[in-house]
Amino acid sequence: MTDDSGNLSIDFLVGFTFFILAFIWVVSMVPGLLIGLQSYSIDYDAVAYRTGVILAEDPGWPASPPWESYNDLQKFNVTRFGMAISRDTPNILSEDKVNRFFCTTAFIYPDDYHKRAIFGDFPYRFQISLRETNESRKRVIGERLPPWYGSIRRVVMIKGSSNATINQSYIQNHSFIKTDNVSTHVFSILINNTRLLSDVRNPAYQIDPAREQTTINITDLKSTITEYPTAAPPITRATSTIVLDNMKIYKLDAGTYSNVPLPVSNYPFADGNTTRISAFPADVNDNITIRLNPQYIDSMKAENSQIFITLQFSVTPASTFLNNTQVVPDIASMDGKMTFENPNTTPFLYDYNPANVTQPKLRDAILEVAVWSGETGLASAISSIFSDDFDAVTAPAGWTVVGPVVRFTGTPHEGLASIRIRDNPGSATQTISTAGYSGITVSFEMGTQMSGGAMNASAEWSPDGGTTWNLLKTIHAGDTEDDNNLHPFTYTLPAGADNNPAFTLGFSLNGPATSGDKVFVDNVEVGGIGD
Amino acid sequence: MCFLKKGRKKTGARRRAASENTAGQLYTIEGIAAGLIMIMTAYLVVSATSVYTAGDTHISDMQLEQLGTDALKVMDAPVSRGDNSLLQDIIEITPMGTDNATFGSVFSDLINSHTSLEKDHIQYTASYSYRNLTDPTNAVSSAFLHASRNLSAGEHAVRVTKWVIVNKKLPPSSPLADRAVLVEVLMWRD
Numbered sequence: 018m019t020d021d022s023g024n025l026s027i028d029f030l031v032g033f034t035f036f037i038l039a040f041i042w043v044v045s046m047v048p049g050l051l052i053g054l055q056s057y058s059i060d061y062d063a064v065a066y067r068t069g070v071i072l073a074e075d076p077g078w079p080a081s082p083p084w085e086s087y088n089d090l091q092k093f094n095v096t097r098f099g100m101a102i103s104r105d106t107p108n109i110l111s112e113d114k115v116n117r118f119f120c121t122t123a124f125i126y127p128d129d130y131h132k133r134a135i136f137g138d139f140p141y142r143f144q145i146s147l148r149e150t151n152e153s154r155k156r157v158i159g160e161r162l163p164p165w166y167g168s169i170r171r172v173v174m175i176k177g178s179s180n181a182t183i184n185q186s187y188i189q190n191h192s193f194i195k196t197d198n199v200s201t202h203v204f205s206i207l208i209n210n211t212r213l214l215s216d217v218r219n220p221a222y223q224i225d226p227a228r229e230q231t232t233i234n235i236t237d238l239k240s241t242i243t244e245y246p247t248a249a250p251p252i253t254r255a256t257s258t259i260v261l262d263n264m265k266i267y268k269l270d271a272g273t274y275s276n277v278p279l280p281v282s283n284y285p286f287a288d289g290n291t292t293r294i295s296a297f298p299a300d301v302n303d304n305i306t307i308r309l310n311p312q313y314i315d316s317m318k319a320e321n322s323q324i325f326i327t328l329q330f331s332v333t334p335a336s337t338f339l340n341n342t343q344v345v346p347d348i349a350s351m352d353g354k355m356t357f358e359n360p361n362t363t364p365f366l367y368d369y370n371p372a373n374v375t376q377p378k379l380r381d382a383i384l385e386v387a388v389w390s391g392e393t394g395l396a397s398a399i400s401s402i403f404s405d406d407f408d409a410v411t412a413p414a415g416w417t418v419v420g421p422v423v424r425f426t427g428t429p430h431e432g433l434a435s436i437r438i439r440d441n442p443g444s445a446t447q448t449i450s451t452a453g454y455s456g457i458t459v460s461f462e463m464g465t466q467m468s469g470g471a472m473n474a475s476a477e478w479s480p481d482g483g484t485t486w487n488l489l490k491t492i493h494a495g496d497t498e499d500d501n502n503l504h505p506f507t508y509t510l511p512a513g514a515d516n517n518p519a520f521t522l523g524f525s526l527n528g529p530a531t532s533g534d535k536v537f538v539d540n541v542e543v544g545g546i547g548d
Numbered sequence: 282m283c284f285l286k287k288g289r290k291k292t293g294a295r296r297r298a299a300s301e302n303t304a305g306q307l308y309t310i311e312g313i314a315a316g317l318i319m320i321m322t323a324y325l326v327v328s329a330t331s332v333y334t335a336g337d338t339h340i341s342d343m344q345l346e347q348l349g350t351d352a353l354k355v356m357d358a359p360v361s362r363g364d365n366s367l368l369q370d371i372i373e374i375t376p377m378g379t380d381n382a383t384f385g386s387v388f389s390d391l392i393n394s395h396t397s398l399e400k401d402h403i404q405y406t407a408s409y410s411y412r413n414l415t416d417p418t419n420a421v422s423s424a425f426l427h428a429s430r431n432l433s434a435g436e437h438a439v440r441v442t443k444w445v446i447v448n449k450k451l452p453p454s455s456p457l458a459d460r461a462v463l464v465e466v467l468m469w470r471d
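Protein sequence lines, in the order shown, are assigned to chains D and B.
Per my numbering, numbering through the first sequence is continuous, rising by one, with the last residue being 548.
Per my numbering, numbering through the second sequence is continuous, rising by one, with the last residue being 471.
Please note that a few of the clues may not be correct.
Said to hold, decoys possible - List of simulated lysine-lysine pairs, PhoX-like, C-alpha gap at most 25 angstroms: (1) D:LYS265 - D:LYS318; (2) B:LYS354 - D:LYS378; (3) D:LYS378 - B:LYS450.
Keep in mind the hints are simulated off the structure, nothing from the lab.
Between the sequences and the hints, there should be enough to build the whole structure, so can you do that?
Below, the structure written as structure tokens:
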């Protein structure tokens, strides 16, 4: 009691407690001190760079068959996107890979792209865009850009595909006309895959049917018919009918010819139609387009093969026609060796001769990858870009129509009128520039009155002025919407519709050629967010 | 104000000490308060200071380098098989040391284009160099190609290069031959 100098005082305990608390508080603030020393975008830039390298310098995986040849149901086998035509040609992109990559009906943002191009578990948001330098249209995957993001910009080239056009002058110059008046004619095309792959080694300029689409246009068919108006029956181009009886593919491997079945997905197009011939025989007026998908050629395993394409035509009445093949012994039991090695057979050569084939060319383009995370915080005030309620008496003015398409005041319609597309073929399309807008939405009312069978009506949009179409809605005969009433539909379109002067909207009646089937369309509106 | 004065019962020894001499004693609350104020001040000062680290600058440089390398690579790729590349043509056709407007427009367009129609503001100066075989010392000579504007002091530029094979008299007094030239571009942001 007389000496307490060694005691621990309460004052000390209280003071020490305060000190410890303050110390813990300060230590907990240390990470905050370092915020000023780190870059907010360093990770985003790195991710964007990595993605840019993958897309511009890597061909993706699987490599063979290439990932872009996988259909929508097989997309889960695609493990990595990459648009380069090969590992040896960085910055040179394959047109087919580009088209497949930006096909937003097959791959869905963000999951499909995150897994195959961005990678990692962190939920990055991103936008990947590509624009050819001589075009204003850009192709986009992803969201609108926030104010701050990490990015990389790459200058690339896109390798166009080769194609051939066999027109009147080419046919005459190469004597591809059989001068006898016969009803059956055969025209053949040779794709010498061995030569194509060995003559040019650089993938940037190589024609490789297993990697790129092979397109052959045969035009001016009727010009090969020599007219004899005084013959019995008279032979005139106007009255002659042409039927494509069949298209067959033969492969020559080590001296052996074999017939390779042609799937319906590779049947040719007739007379500029956007859909392939569905069955043989098929009526043809003047033109045929053969478009062989690379996956079909790849499935043949024809790296060291010659591929012969034969087109068998029937012409009525019997006349001269496109013909460069002497079929031996006959069309029903054609012998490959005797036919294709016959001196009277001179197939059209799909090769590196620019006189025969338009060679692949490289086009400059810009590829950009932007990466960020969190909410963009951007308002999505949608403004109207286009609307048509078809009430005006001039409707459907402004629409490009096929078949009887009229302003319709009967049932069904909203306001004063709708439009009615009647009979197949029948369609109404209009190009509506979305330049300056993103987040495009489309709304319309549609209804049908169809006779049944395989009839259907569809609403579609196109990013390229009608060359390729993306389905919005199909009403089949017998569906609940096939009730002669209008039904509202609204869609938010993928980024490919953004800022696109070639954006096109179309409504059509499809199926067998009929009369009396009807599609009604009203209150079409296209909206977007102003950039 | 100190704890000792705040009503807690004091021991006899403390009472004596307090009444006898308080000089030099740490007044606890004042001390803590002052300490906290100092810590807060230091924290605010340090956290308000933004330090631009090397980690940031290298990203910007890398982006510029990538863009320039890509642009030269694209300019040196022939559009069709068998053609000369644009870069080859430019060097072969342009008299040595003469400004080439085609290089200016194409290179500028490639490095400044976005996928949107906006334009960037990247400046550059381009030249190429070659080994002068007519010189007794085999010195390296260089020739000007194009400059969007002159690089001024203080502007941070990155350098990109590309070897190009050209068929040209280099220097003009020498015979026509396939020669390797190094195209060099200095790029910087405006």
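Report task. Compare the distance between the alpha carbons of LYS354 (chain B) and LYS378 (chain D) with 25 angstroms, and conclude whether the hinted pair is satisfied. Result -> Between LYS354 (chain B) and LYS378 (chain D) the Cα gap is close to 16 angstroms, so the pair holds against 25 angstroms.
Requested in this report: Starting from LYS265 (chain D), check that the Cα of LYS318 (chain D) is at most 25 angstroms away, please.
Outcome: Satisfied, since the Cα-Cα distance of roughly 17 angstroms is no more than 25 angstroms.
Query raised in the report: Do the alpha carbons of LYS378 (chain D) and LYS450 (chain B) lie within 25 angstroms of each other, as the hint requires?
Result: Violated, because 30 angstroms separates the two Cα atoms, which is more than 25 angstroms.
Violated hint for the displayed structure: number 3, the only one.
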